[in-house]
Structure formats: structure tokens, C-alpha cells
Amino acid sequence: MKNRTLSLLSVMALAGSAAAEVAYEFVPNFIQPPPGKETIGNGHGEIAVDAAGNIYVSVQEANAGIQVYGKDGKFIKALPLPQSLHGFVIRKDNGDEFIFAAVLGEQKVIKCDLEGKVLMTIPTSEFPADKIGKGLKLTNCDVAPNGDIYVVDGYGQSFIFVFSREGKFKSVFGGPGEPLKLANAHKIFIDRRFEPARVMICDRGHKRMLHTRLDGAFIGEIATGMRNPSSASFHGDLMCVAEIAGNVSVWDKDNKRVADLGTSPQTTNTPKIEPKDWKQGVVTSPHGITFDNDGNILETEWNQWGRVLRWNLKK
Amino acid sequence: MTISEFPNDESPMQHAIRSFVIRISSFVILNAPLCVFGHGAEFLSAKLTLLPDAEVLLEITADHGGNPLIVDESAAKDALLDPIRLRRDDALVPLAQIASASISQHDNWAEFAPASYLPSETESQPHALTTSAWRWHSETPEIVFEMPKGKLHDVLLWTHDGADPATPPKWMLLLAGDRSKAIPVRLTPWWRRPQAVTASCVLLLAFAYFAARNFTLRQRTL
Chain A
1 MKNRTLSLLS VMALAGSAAA EVAYEFVPNF IQPPPGKETI GNGHGEIAVD
51 AAGNIYVSVQ EANAGIQVYG KDGKFIKALP LPQSLHGFVI RKDNGDEFIF
101 AAVLGEQKVI KCDLEGKVLM TIPTSEFPAD KIGKGLKLTN CDVAPNGDIY
151 VVDGYGQSFI FVFSREGKFK SVFGGPGEPL KLANAHKIFI DRRFEPARVM
201 ICDRGHKRML HTRLDGAFIG EIATGMRNPS SASFHGDLMC VAEIAGNVSV
251 WDKDNKRVAD LGTSPQTTNT PKIEPKDWKQ GVVTSPHGIT FDNDGNILET
301 EWNQWGRVLR WNLKK
Chain B
1001 MTISEFPNDE SPMQHAIRSF VIRISSFVIL NAPLCVFGHG AEFLSAKLTL
1051 LPDAEVLLEI TADHGGNPLI VDESAAKDAL LDPIRLRRDD ALVPLAQIAS
1101 ASISQHDNWA EFAPASYLPS ETESQPHALT TSAWRWHSET PEIVFEMPKG
1151 KLHDVLLWTH DGADPATPPK WMLLLAGDRS KAIPVRLTPW WRRPQAVTAS
1201 CVLLLAFAYF AARNFTLRQR TL
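Those protein sequences? They're chains A and B, same order as listed.
For the first sequence, my numbering assigns the number 1 to the initial residue and increments by one for each residue that follows.
For the second sequence, my numbering assigns the number 1001 to the initial residue and increments by one for each residue that follows.
Rather than coming from a laboratory, the hints here were simulated on the basis of the structure.
Careful, some of the hints might be misleading.
[Claimed, not checked] Using 30 angstroms as the maximum straight-line C-alpha spacing, the simulated DSS-like pairs for lysine-lysine come out as follows: (1) Lys276(A) - Lys1077(B); (2) Lys272(A) - Lys253(A); (3) Lys276(A) - Lys37(A); (4) Lys1077(B) - Lys279(A); (5) Lys1077(B) - Lys134(A); (6) Lys181(A) - Lys1149(B); (7) Lys315(A) - Lys1181(B); (8) Lys77(A) - Lys111(A); (9) Lys279(A) - Lys1170(B); (10) Lys1077(B) - Lys181(A); (11) Lys168(A) - Lys111(A); (12) Lys1181(B) - Lys131(A); (13) Lys1149(B) - Lys272(A); (14) Lys272(A) - Lys1170(B); (15) Lys1149(B) - Lys256(A); (16) Lys181(A) - Lys256(A); (17) Lys92(A) - Lys1077(B); (18) Lys276(A) - Lys1181(B); (19) Lys253(A) - Lys1149(B).
[Said to hold, decoys possible] Take a look, some chain A residues computed to stay more than 10 angstroms from chain B by CB distance: (20) Pro28; (21) Lys71; (22) Leu79; (23) Asp96; (24) Leu114; (25) Lys131; (26) Gly154; (27) Gly177; (28) Glu178; (29) Lys207; (30) Arg257; (31) Ala259.
Where a beta carbon is used, it is the ideal one built from N, C-alpha and C, also for glycine.
This is chain A alone, in the form it adopts within the complex (with noise of 0.2 angstroms):
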């Protein structure tokens, strides 16, 4: 009886770790920069992908702050954003796909439609006159299941600010005291893989992922002594984190690391690594990552020429 239990446990622990298995190969020089240009251009930003598939990049570029790229990498239109969207998601509200962007150099929050077209902005003045410090420096945002918009002040002091649908300030959270104590809180993203959702932080200064509830009641740590989380993307149970200081993760639901890709073999964190000093398959300094909607890994680099790198399932 007892060697029966065993042996039961035995197999749902091999099916458990086969169901948890997941392996990716990486596609060389996916992205196709726009006509004449050699690389994409000055990446500090991210990367998303709508509904159709399309693949949006941000790039420090004047009025040409957003990149779009059909499925197959090919270069399609620039929307007329701003230069500085550190950080951005592609939301459904009410039923429409919107960008929700953090504008890191112009200390404010807009939405817009995927033509870029912006519906609405979140100024300086909605924030908190006694959280803001020397200023803002938001470094993202992204929406709850009830609309509520999360921002973070990652340059910053680390504060999350809650706001309602319509942008109006609800609540604040996080920063540098207890009971978070969150040192340059890179990214957050609403993680709809619980239910509830959750606040994923990535807290960067201290290497560490972590969980909140949508109040910002601390939930746990899903991970220490990474290199330097900046990044997170979801699909399905699985969590993609792209790791400035030189790795790309995958983590499942059981925060248990299922895959390390691209691994730089030096820790870095600097966007000037040259395009002649790139080796295919392994990154500089990850800043942004996506899942597209079949589960690949799309990643933008910090690098002043501008890099995106992509992964594909392996099924």
C-alpha cells in the first residue's frame, strides 16, 4: 500500500514537472527596422502586442515615439507619441484595445488609441502634491479588472498610485517605507493569472519580484536575488521577466523559474553595447518583454541603437 502511494506521487510529481516544462528557440533578426534605418533607434521603452498580433516598441524618437511591427517583424507605421514612454501596456477597456503609457520625461499618463490618437492624459497635478518629491519619474502603469489605472514612480520614490477609470486619484501606496520598502519599483503589471488580480512589482533596486493585492496589501515575494528585474509579461500560468543587468526568465504560476534564455555571460547594465558587439541569442541589458498571443517572447533592449529579440515556443 505504502509502495502504491509512492509510486502515485510519483507520477503526479512527473506530471506535474512535465506540465511545468517549457522550452523556447530563438529567432535571429526578427525585427525589421524602418526603411533606411539599420536599427530601430534608441530604446529606454517597451513592447506590446494588440489583439491582431502586431507588435508596438517604443523608442526614444521625437513625435515618433511608438514603433508598429506586423507579426512577421515587418516595420509598419510609427505612431505619433512621445519620445519618452518608458513603460506602456496594450488594455482592452469596455471592449477597445487602448496604450496606457507612462511619458517618464513629461511626468504624466496617457491613454490612447492604437493609432495613437490620445483619449485621455493624467498630469502632474493629479498626483499627490506629497508624494511626488523632487518630481515624478513614472516609469509605468497598467490596468485592474475594474479599469482602476496603477502607476509607478520607479525613477522615483517607488510610490503606486491608484486611479479610477477617468484618471482621478484614488489611492496611494508602496514607496521606500514598511511595509513594502521598494527601491526603484522598475515596472508594475496587474497580474490576471490570480483571481483576484495582484500587483506584480518589480523591485529592482532590491533584485526582487513581489505581490500585492490590487490595495497594496503585501502578499509575498515571488523571487530574490535576480539580476535586476525591469520587466514582465503573462500568458496563460506563465510570467516572462526581462532582467536588465542580462538574463530573460520564465516563471510559473508556482513562482518555481522554468526557463533562463539569452543569458548574458557578464552582468550588464549600460545601453551602450555597440551593433557590432551583439552575439545573436543574447542580450545586453532587457528593459521591456512581451508575450505575443501564441506565447513567444518578444524583448527590447536599454541600448541607444535599439534592439528587439523573439523567442518562439517551442510546441
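With the hints as your guide, set chain B onto chain A.
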């Protein structure tokens, strides 16, 4: 009464000046290097200069103008109290136990970070930097630095060749728990050490003495 299109009844000239200032300000803000707003230097820069006679100069710089983890000068000084440790056998020795620190304030990143790692596009921007310098003679032919686990600040350790400044610096980014490669110090060749020079002088004098005495130990008597 006419309705002015200019607020507070300002004159067209005043309006033009105001518009010009707003436009210039907007242009400057929108086109300022983005790293001014963050992501400047999220690390401590540790410049390692290896001097003759196994002398080591380590200058570690913190930027409290561009590092989101360091809010002010006081936090910069805190960060520099025990930024990295020296590994000796199985022990991690704080720099303060090796040498006393010399602290300075300045705004010159160019000399305290390798060009390939200078905060992006901010070379011409003013910085608020604090540098702590430690100087000591290494007792071992190689030195190894290590970051204790739990350290908040990453350290960019890079070597500066004082004898040949044109040599590209070698750098490594150390996160908490990381250990550097073994770095050989500049040992002075044995024939150029003071003891060797002294011994050579003594031998030379002895040789001269004996030569003057026709290589005899005793005074010859007639």
C-alpha cells in the same frame, strides 16, 4: 470694453515673450536627455588603479543626482561606507579595515566611470557625485573583491591603467553575492625593489673595496 485675448491684459509684446519662454522651456524639457529623468547611474562606479609596488587605489563614486536609489548626499555617503569588500582567504574584509577613506564632492563623471558606462547622453549634464578613495599596499599578488549578499547598490568595478590611459578599461558589474575575478597587482620586479637596490649597492661597494685592495682580505706586509 474690449475683450483681450491676452490674459491679465498683457501686451502683445509680453504675450510674445511669454510664448517664446514657454516654447523654449517645452523644447528643452522634451528634448533633454531622457536619462536626466532617471536611469542615469544605478550603480556605484569603482575605479581601480593599480600602482607600482603593489599599491592599490580604489575610488568609488555615487551619483545622488541620477541614481534613483540614492536620494541625497547623505544617502550617497551611506552607500559608500561599505560598498564592496576584499576577499582574503575565507573572510570578506571591509575596506574601512584596510585603509581610511578620503571623501570628496565633485561633478566629474568622466574621470570616475568608463566611457562605455557613462550615464547615457548625460556627459554634458551636471552631476552630484561623492567619491570615497582608499589606498593601500596589497599583501597578496592578486586581489579579489566581493559583494556581500543583500547589498542594495550594484558596483561597476573597472580598471584604470595609469601608465597607459589609452588602454580600454576592463569592467565587470558586481551584483549582491558576486565575486570579481582575481586581479593581479603591479608587483615591482625583484631587481627594482629597494632591498635589491640596497643589496646591489652594498655588493658594488664591497667589490670596489676589494678591487682597490687587489682582491686580498689582509693587508700585505712587506
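What's the verdict on Lys315(A) and Lys1181(B), does the C-alpha distance respect the 30 angstroms limit or exceed it? violated (40 angstroms)
Would you check the hint for Lys1077(B) and Lys181(A), treating anything up to 30 angstroms between C-alpha atoms as holding? OK: Lys1077(B) and Lys181(A) at ~20 angstroms, within 30 angstroms.
Holds or violated: Lys276(A) with Lys1181(B), Cα cutoff 30 angstroms? holds (26 angstroms)
Starting from Lys276(A), check that the Cα of Lys37(A) is at most 30 angstroms away, please. Holds, at roughly 15 angstroms.
Would the hint linking Lys1181(B) and Lys131(A) be met if the CA-CA limit is 30 angstroms? violated (42 angstroms)
Can the restraint linking Lys1077(B) and Lys279(A) be considered satisfied, given a maximum Cα separation of 30 angstroms? Answer violated: Lys1077(B) to Lys279(A) is near 38 angstroms, above 30 angstroms.
Hinted pair Lys168(A) and Lys111(A), Cα distance within 30 angstroms: holds (13 angstroms)
Hinted pair, alpha-carbon criterion (30 angstroms max): Lys181(A), Lys256(A). Please report holds or violated. holds (24 angstroms)
Decide, holds or violated, for the assertion that all CB atoms of chain B are farther than 10 angstroms from the CB of Pro28(A). Pro28(A) is indeed farther than 10 angstroms from all Cβ atoms of chain B, at 25 angstroms.
What's the verdict on Lys92(A) and Lys1077(B), does the C-alpha distance respect the 30 angstroms limit or exceed it? Roughly 46 angstroms between the alpha carbons, so the hint for Lys92(A) and Lys1077(B) is violated.
Non-interface claim for Gly177(A): all C-beta distances to chain B beyond 10 angstroms? holds (13 angstroms)
Would you check whether the claim that Leu114(A) is not at the interface survives, using Cβ distances to chain B and the 10 angstroms cut-off? holds (23 angstroms)
When each numbered hint is compared with the structure, violations occur for hints 1, 2, 4, 7, 12, 17, 26, 29.
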